[in-house]
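Novice: In case you want the letters, here they are:
2 protein chains.
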Amino acid sequence: MNPSIRMFDLAGADDELRFSPNCWRTRLALAHKGLPVETVAWRFTEKDRIAPSGQGKVPVLVVGDRWLHESWDIAEYLEDHYPQAPSLFGCAQGRATARFINQWSSSVLHPAVARVVVPDIPAALHEKDRAYFRSTREAAFGRSLETIAGEREQALAALRQVLTPLRSVLDQQPFLAGAAPAYADHCVFGAFQWARIISPLALTEPDDAVSAWVERMLDAYDGLARAARRNLPGQQP
Amino acid sequence: MNPSIRMFDLAGADDELRFSPNCWRTRLALAHKGLPVETVAWRFTEKDRIAPSGQGKVPVLVVGDRWLHESWDIAEYLEDHYPQAPSLFGCAQGRATARFINQWSSSVLHPAVARVVVPDIPAALHEKDRAYFRSTREAAFGRSLETIAGEREQALAALRQVLTPLRSVLDQQPFLAGAAPAYADHCVFGAFQWARIISPLALTEPDDAVSAWVERMLDAYDGLARAARRNLPGQQP
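Sequence lines, in order, name chains S and C.
Numbering-wise (this note's numbering), the first sequence opens with residue 34 and increments by one.
Numbering-wise (this note's numbering), the second sequence opens with residue 34 and increments by one.
Please keep in mind that the hints were generated in silico from the structure rather than gathered at the bench.
Just so it is clear, the structure is predicted and the values come from calculations on it, not from any experiment.
A hint or two may mislead.
Now the stretches of chain C that chain S is said to cover, found in silico as 3 or more residues with beta-carbon under 8 Å [as the list claims (entries may be wrong)]:
1) 126 to 135
2) 191 to 205
3) 211 to 225
Ideal placement from N, C-alpha and C gives every residue a C-beta, glycine not left out.
One chain only, chain S, in its complex shape (with noise of 0.2 Å):
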């Protein structure tokens, strides 16, 4: 018998709010392992919470006693361990170069969506959060939550141009996986949900590649990520 999953999950004001991009990474990998979850709603200044981690960051997911952290290692970790269940990766090659899509969202997708979406988070955080989340996110960008604020649109056209490889993909393939999708899509997605569950802005055009992908992954695992709650304006929790 599996030992039970719990995830520590950030969480906004409302404890359904889940907007973290790597947080929507390995809820949908355990989804596609078939493997079952229990979300723990999780805030950025709890990190006694997940002090066992060793670390302050989620996705952080408890496998029986066993605590583990980083997208991409929890990933691997589940690959390995519950290899009977449909593969993440396809094999070892598949595994190596899902690994760059992995970095390419992480460290270009990533800050690019960021600076669309960022300053519509400080309504969604839970009250205890905001000032953590202002310090720290302006330290990071070197400037004023609402400088950031002011340059969004600049910042939309750049993302649209940070898509052209994926575009370019999605043109050829439904998912970046191939056929169905795996890993590879789990890992640049996450950045998708994470905009659409804070910001009432869309990132793509409708006639994008990349917005007609957007909808199968909400499809996908039986519409987990299209079932989200949303933050939109004049939704109540």
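The hints should help you fit chain C onto chain S, whose structure is shown.
Specialist: For chain C alone, kept in the frame of chain S given last:
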């Protein structure tokens, strides 16, 4: 018995100076598959010689009486028609994710490398290609080769930033395809081999993980890429 393979390969003034990044992708893929090839020196302006391919760019591969073009399509052809030879992709997911790396290389890496090395190219070209090269490149960049040459320092800094996801992966594993090189490596290395052959500038610092990978790629396939002639100042053709 396999049909013989000929490849039209971009050459400089010197027939043996073979500097096209896309042709290098195909050379390495053929070596990976263990397929002998007769390369044919070809110049930009010799469109008539490759007209049976239905377009005007190299690599063009002639396998028996079949004409193939576009480096990615050639790689897929080789994978599908020589299934007993070592795989370029590993599995279907590996092929799908290598496509992303290939597109990243073509749409992000090549333009970034071009901004650094393009000013070195005219000196290496056959006389009959020089006007063609200048007019097509100046149209593509929207400025003169001399202006591009004046922006080299910024171009090199921008390139090193573009290499971030590549560098992160190569900090973790020896090749993009994992433990050994495959097409994910060929399609990226082509750009480094292009620069190495045509320009005296070093694209990366010696302590960069990318530099160590370039050395491994130069050694791969019995040192095929390392043996290539370079257009270095003072070197006799």
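Novice: Three or more residues of the stretch 211 to 225 of chain C near chain S by CB distance under 8 Å?
Specialist: holds (count 4)
Novice: If you look at each residue in the stretch 191 to 205 of chain C, do at least three have a Cβ nearer than 8 Å to any Cβ of chain S?
Specialist: holds (count 6)
Novice: Examine the stretch 126 to 135 of chain C: at least three residues should have C-beta closer than 8 Å to a C-beta of chain S.
Specialist: That given contact holds, which follows from 9 residues of the stretch 126 to 135 of chain C lying within Cβ reach (below 8 Å) of chain S.
Of the numbered hints listed earlier, not one is contradicted by the structure.
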